[in-house]
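**Student:** Working from the sequences, and respecting the hints, build out all of it.
4 protein chains.
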Amino acid sequence: MTARIAINGYGTIGKRVADAVAAQDDMRVAGVAKTKPDFEAKLAVRKGYPLYAANKEAAAKFEKAGVKSSGTLDDLVKVADLVVDCTPEESGYKALYEKAGVKAIWQGGEEPSLTNLSFNAAANYEECLGATFVRVPSCNTTGLIRTLYPLDAHFGVANALAVMVRRATDPGDSKKGPINAIEPELEMPSHHGPDVQSVLPKLNIHTIAVKVPTTIMHLHIVTVDLKKPATADAVLDVWKRFPRVAFVAGRDGVKSTAQIMEMARDLSRNRSDLYEIAVWRDGVHVLDGKRLFYFQAVHQESDVVPENVDAIRALLEIQKDGRKSMDKTDKSLGIGMVK
Amino acid sequence: MTARIAINGYGTIGKRVADAVAAQDDMRVAGVAKTKPDFEAKLAVRKGYPLYAANKEAAAKFEKAGVKSSGTLDDLVKVADLVVDCTPEESGYKALYEKAGVKAIWQGGEEPSLTNLSFNAAANYEECLGATFVRVPSCNTTGLIRTLYPLDAHFGVANALAVMVRRATDPGDSKKGPINAIEPELEMPSHHGPDVQSVLPKLNIHTIAVKVPTTIMHLHIVTVDLKKPATADAVLDVWKRFPRVAFVAGRDGVKSTAQIMEMARDLSRNRSDLYEIAVWRDGVHVLDGKRLFYFQAVHQESDVVPENVDAIRALLEIQKDGRKSMDKTDKSLGIGMVK
Amino acid sequence: MTARIAINGYGTIGKRVADAVAAQDDMRVAGVAKTKPDFEAKLAVRKGYPLYAANKEAAAKFEKAGVKSSGTLDDLVKVADLVVDCTPEESGYKALYEKAGVKAIWQGGEEPSLTNLSFNAAANYEECLGATFVRVPSCNTTGLIRTLYPLDAHFGVANALAVMVRRATDPGDSKKGPINAIEPELEMPSHHGPDVQSVLPKLNIHTIAVKVPTTIMHLHIVTVDLKKPATADAVLDVWKRFPRVAFVAGRDGVKSTAQIMEMARDLSRNRSDLYEIAVWRDGVHVLDGKRLFYFQAVHQESDVVPENVDAIRALLEIQKDGRKSMDKTDKSLGIGMVK
Amino acid sequence: MTARIAINGYGTIGKRVADAVAAQDDMRVAGVAKTKPDFEAKLAVRKGYPLYAANKEAAAKFEKAGVKSSGTLDDLVKVADLVVDCTPEESGYKALYEKAGVKAIWQGGEEPSLTNLSFNAAANYEECLGATFVRVPSCNTTGLIRTLYPLDAHFGVANALAVMVRRATDPGDSKKGPINAIEPELEMPSHHGPDVQSVLPKLNIHTIAVKVPTTIMHLHIVTVDLKKPATADAVLDVWKRFPRVAFVAGRDGVKSTAQIMEMARDLSRNRSDLYEIAVWRDGVHVLDGKRLFYFQAVHQESDVVPENVDAIRALLEIQKDGRKSMDKTDKSLGIGMVK
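Chains as they are written, first to last, in my numbering: chain G, 1 to 339; chain P, 1 to 339; chain Z, 1 to 339; chain S, 1 to 339.
It cannot be assumed that every hint is accurate.
Since copy identity is lost for identical chains, a pair holds within one copy or between any two.
Okay, derived cross-link-like pairs now, SDA-like style, lysine to any residue, Cα gap no bigger than 20 angstroms in a straight line [stated by the list, open to error]:
| # | residue 1 | residue 2 |
| --- | --- | --- |
| 1 | K331 | R46 |
| 2 | K36 | P50 |
| 3 | K324 | A131 |
| 4 | K290 | H206 |
| 5 | K36 | A249 |
| 6 | K331 | D19 |
| 7 | K227 | N159 |
| 8 | K64 | G253 |
| 9 | K320 | N204 |
| 10 | K42 | G253 |
| 11 | K324 | A65 |
| 12 | K176 | I318 |
| 13 | K47 | S268 |
| 14 | K202 | H191 |
| 15 | K36 | S70 |
| 16 | K64 | D288 |
| 17 | K324 | Q197 |
| 18 | K47 | R269 |
| 19 | K99 | D75 |
| 20 | K68 | A58 |
| 21 | K36 | R251 |
| 22 | K331 | S268 |
| 23 | K331 | R251 |
| 24 | K42 | D282 |
| 25 | K68 | R251 |
| 26 | K61 | R251 |
It is worth saying that the hints were derived from the structure and are not from the lab.
**Tutor:** Spelled out as structure tokens, the structure:
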């Protein structure tokens with residue numbers, strides 16, 4: 001029987017999770033809940049997703065706008081086995097899910113303490129099997145785990161320092177800036193370091209973030225002191241054995257995040273997303289045998305999407321083997337084309 | 001027999017025309033010619049398009065980079081019935097095509113005098129039937145023709161003034177600016193007015209252009225003095241009868257070009273393109289019964305793509321009826337979903 | 001006796017008005033009122049302006065931050081002959097000024113109906129002599145009046161259409177966007193047309209606005225149907241006789257608003273401001289003898305500053321002759337250097 | 001006798017050096033040499049700087065444009081004691097200066113090997129006394145030296161890692177991008193590390209650079225392993241004893257580079273420049289007693305200007321004591337106001 005998945009919150013992440021769920025053969029979209037009857041709501045209906053209003057106020061707006069809904073979130077959770085919560089952070093639906101007896105997955109905007117269990121398919125799938133509630137860390141954190149977990153497993157990470165040059169807002173937003181400034185996150189470490197440790201508790205990592213006027217990708221500059229000596233090639237070889245890490249090269253004309261997203265569009269995937277973390281092959285350097293530097297780019301809108309699909313399988317125990325779930329997810333989304 | 005189409009120049013437009021040709025059942029991609037063995041070349045190979053080097057120097061670069069090619073452009077034109085030339089303006093391949101005896105279609109960067117015949121499927125398909133050489137006007141010009149031709153046909157256009165707020169470069173480019181400035185085109189009229197007249201010679205139009213720091217779409221502010229009185233609703237009704245004009249609304253949350261492209265991504269089309277011209281429904285105003293104002297947004301990377309496909313059919317006389325060609329093209333590309 | 005001027009609101013406009021007032025010999029800064037004890041408050045103190053908290057809550061914040069204030073706004077109005085209100089629109093201080101019996105000048109964010117009298121030094125100085133309350137229209141409106149009033153006076157304006165390509169936010173702000181989008185103002189006309197008419201009630205003008213990702217200047221594209229025939233040179237000659245219109249030229253390397261502001265910085269004025277409206281000399285075109293097109297750039301942070309100084313003189317009847325006030329103001333600010 | 005200083009190249013740096021030289025009482029502007037008769041040339045004339053054409057071709061352009069020049073560079077060097085070369089990198093004027101027997105100072109775009117002596121007033125003024133040729137390192141390098149030299153002198157720097165988030169181009173340029181991308185410098189270390197060592201040869205530093213779509217400032221994220229333990233306050237105390245390091249604070253509303261440059265404008269300096277390196281007071285953190293992190297912002301257009309003035313004094317031996325030269329320069333430029 002296919003699992004019935006509700007998506008609460010149909011914004012940047014929610015709509016992508018919905019499409020990814022719909023692309024699987026062992027789960028289906030039970031419905032999506034939204035607060036506003038805007039163009040995204042209309043497109044959800046066109047895709048055939050049962051549309052629910054987030055609450056009664058939202059239901060009134062839907063009716064006024066002439067957008068038909070199948071009920072409210074209260075109704076939706078009754079027909080679902082699991083809710084993927086993609087609402088803004090601290091929206092506070094946990095009690096509702098508990099009362100309804102549905103499992104739930106939250107996104108990285110929430111505090112790790114909300115679930116006390118955070119998920120990354122490559123790092124701790126098995127640990128999350130059968131859990132009631134889990135949290136998929138944010139795009140940046142997921143990006144760091146994708147490349148640091150393999151490094152730690154193969155070479156040992158003595159300590160890691162990640163400077164994250166963050167996109168300021170998503171492409172579909174036109175309200176937020178800055179238009180012409182760089183903004184440091186003055187508190188230190190940024191929340192990403194502890195967030196990585198919510199999945200990899202023993203990893204010694206410090207993170208620093210600055211915000212810049214771009215919308216398309218984050219870029220990370222990562223410095224790692226390895227326990228065992230390595231070469232750039234050896235590091236690349238390790239990453240190649242992991243899914244969801246893709247490679248680009250300046251010498252192929254991929255000079256910036258602009259060309260990475262251009263390549264992503266050329267891959268003809270849904271929404272031109274890039275679920276993989278993109279690492280510059282010719283930007284990996286090892287100094288003195290043990291100090292590794294690399295650049296990676298993170299498509300903030302989509303890298304967590306396959307993780308959510310895998311988390312569903314783990315919580316509902318549809319698949320006990322994490323690697324098999326990842327393979328299935330990746331195949332359905334076209335991941336793994338760029339190595 | 002399916003027509004054999006060569007694409008010379010595999011950049012923003014060329015790669016889209018290739019994919020659009022490949023999506024038709026009455027034509028196929030004979031090959032694509034490129035100058036550089038970059039990531040786009042590698043992706044072309046992955047898509048199964050026979051890859052040719054633009055010339056011998058390019059061939060040497062391809063070999064050096066380990067990218068296999070099927071020969072050079074000279075070889076490609078021999079196995080093609082028609083070349084779609086998507087090279088930078090004034091690349092000067094006309095003589096080569098003439099010598100090879102192939103038909104050819106150029107893009108809007110070229111001067112109208114290169115072909116003395118410019119093409120727009122809705123406006124003059126029949127006029128171009130069987131022609132040897134034709135030119136598809138630029139993205140901005142095509143955008144203006146899409147909405148002005150219907151207005152002229154139904155209400156008569158006494159005169160039109162279009163202010164074009166232009167994106168400065170395409171999303172995949174990271175070299176060009178401005179980053180923080182507005183740049184007027186001081187010469188007047190901009191080339192777009194005469195360019196519209198290359199298809200609609202009797203249309204009285206004046207065009208003005210400014211460049212702004214954005215990459216995703218152009219925005220046009222159009223003022224039209226109509227010969228017959230009209231209302232905003234009547235104008236919208238006319239446009240609805242034409243393909244390749246889509247509608248958006250501020251009241252649906254589409255406040256800017258950012259949300260239009262977000263919507264385009266949500267449509268799950270190839271490369272998240274929007275082949276239609278997007279008109280803001282709630283931005284159409286008629287003052288004093290005859291002076292019409294409207295805003296339209298143009299996806300500069302893709303609006304000419306369906307026009308190229310239709311132009312192929314017209315030149316090769318695969319289809320004598322323009323409207324049938326447009327319907328076929330539009331169905332293959334998913335156009336017509338947003339009305 | 002020098003007039004005592006209070007400035008309520010010490011942001012982009014307020015701090016500039018304060019400095020401009022301080023540069024005159026017939027008025028002085030009685031004090032400036034602020035809501036936040038931020039770096040701008042600290043710099044106000046360093047400049048020697050008596051600093052007042054906007055209200056009691058603000059006073060508490062000032063004390064907590066260790067920034068000394070001379071009291072609250074209530075105290076400030078008692079020692080002032082006139083208040084220049086540079087607070088955000090609809091802050092609602094009118095009753096307070098009325099009660100205190102001080103004259104006041106508001107900025108263009110307010111509705112014209114707040115004062116029923118709007119001010120432009122060149123257009124209606126004499127009309128405002130001795131008034132109690134007046135409003136200086138916004139940067140964009142002031143910019144339009146600066147060039148349209150002379151045209152109307154000399155050639156007659158049958159009708160004018162202004163498309164305003166607006167900077168999205170000021171350089172000192174890092175919160176607002178868009179980062180990568182163009183946003184049309186769908187309601188029509190934009191408020192600027194009626195706002196021009198608050199000073200020039202008989203001028204037939206329609207205005208349209210779009211917002212773009214830049215911080216430094218607005219750019220206007222103006223189309224005017226003149227009543228009397230004119231040439232581009234004749235139009236330039238008229239403007240040259242008016243202060244606060246400056247000229248730039250693409251052929252001198254001033255291609256965009258970036259170079260205009262670079263030139264402004266090179267003029268070594270306070271804050272690198274450009275109080276004049278900059279018109280591109282080689283962007284003025286007349287078609288068919290009567291249809292005039294021109295481009296002008298507006299430094300949104302400063303063009304209204306000299307108008308505020310003149311408005312003070314008009315309301316307090318320090319100077320009865322508008323042109324003499326303008327000359328005095330302009331000399332003190334370094335205006336008139338670029339012709 | 002006042003030293004006669006020629007400035008060859010009158011762009012971003014050249015025009016600032018000219019103004020700074022003009023502001024001293026022990027040197028004067030003998031003339032400035034330019035290649036184009038653009039608005040900057042006209043403004044140079046207005047400032048009273050003798051204007052020279054860079055060469056005969058330039059002289060012809062000047063004449064054609066009606067801009068009077070005092071001769072060519074060949075003439076200028078004859079009436080100068082020292083040339084500050086602010087031409088684009090590798091312009092190759094060294095032989096000309098040698099032949100003319102004038103001393104010269106180059107900017108950081110040149111390779112350190114051009115002069116084999118690089119200059120920073122705080123770090124090695126005395127070392128450069130009487131030298132014939134010297135080079136002032138680039139804005140970024142100068143910025144790093146300004147804060148690292150004091151740290152090394154007081155605490156000892158075991159190693160330093162600087163990630164530089166670079167503005168893509170200057171505010172007065174409208175050609176270069178990116179508009180919406182982040183571009184890493186894939187080669188490592190970036191040239192800045194070795195460049196710091198051209199002044200501080202024993203400093204163990206690694207530098208990494210990325211380019212972002214902003215024009216106003218660079219931002220550095222610096223990690224330093226100190227030899228002696230320190231606290232954030234102790235580090236701030238050391239920097240306070242050095243000129244040309246200024247402090248800002250997020251808690252004062254300075255959240256990003258936008259507010260820093262706003263503050264710079266409020267200081268009413270020439271061109272709104274900020275000659276100091278701005279360090280965020282509340283962004284200085286020390287972990288485990290010895291690992292220091294801090295953020296600093298660099299005004300790329302002006303931080304090297306006072307260094308050039310001091311270098312002139314060192315080379316011409318006008319002042320033997322570096323600290324006295326710095327004090328004199330700083331006083332003339334208004335530096336030292338923000339502590």
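**Student:** Please write out, lowest number first, the hints stated earlier that are contradicted by the structure.
**Tutor:** Violated: hints 9, 11, 12, 16, 17 and 23.
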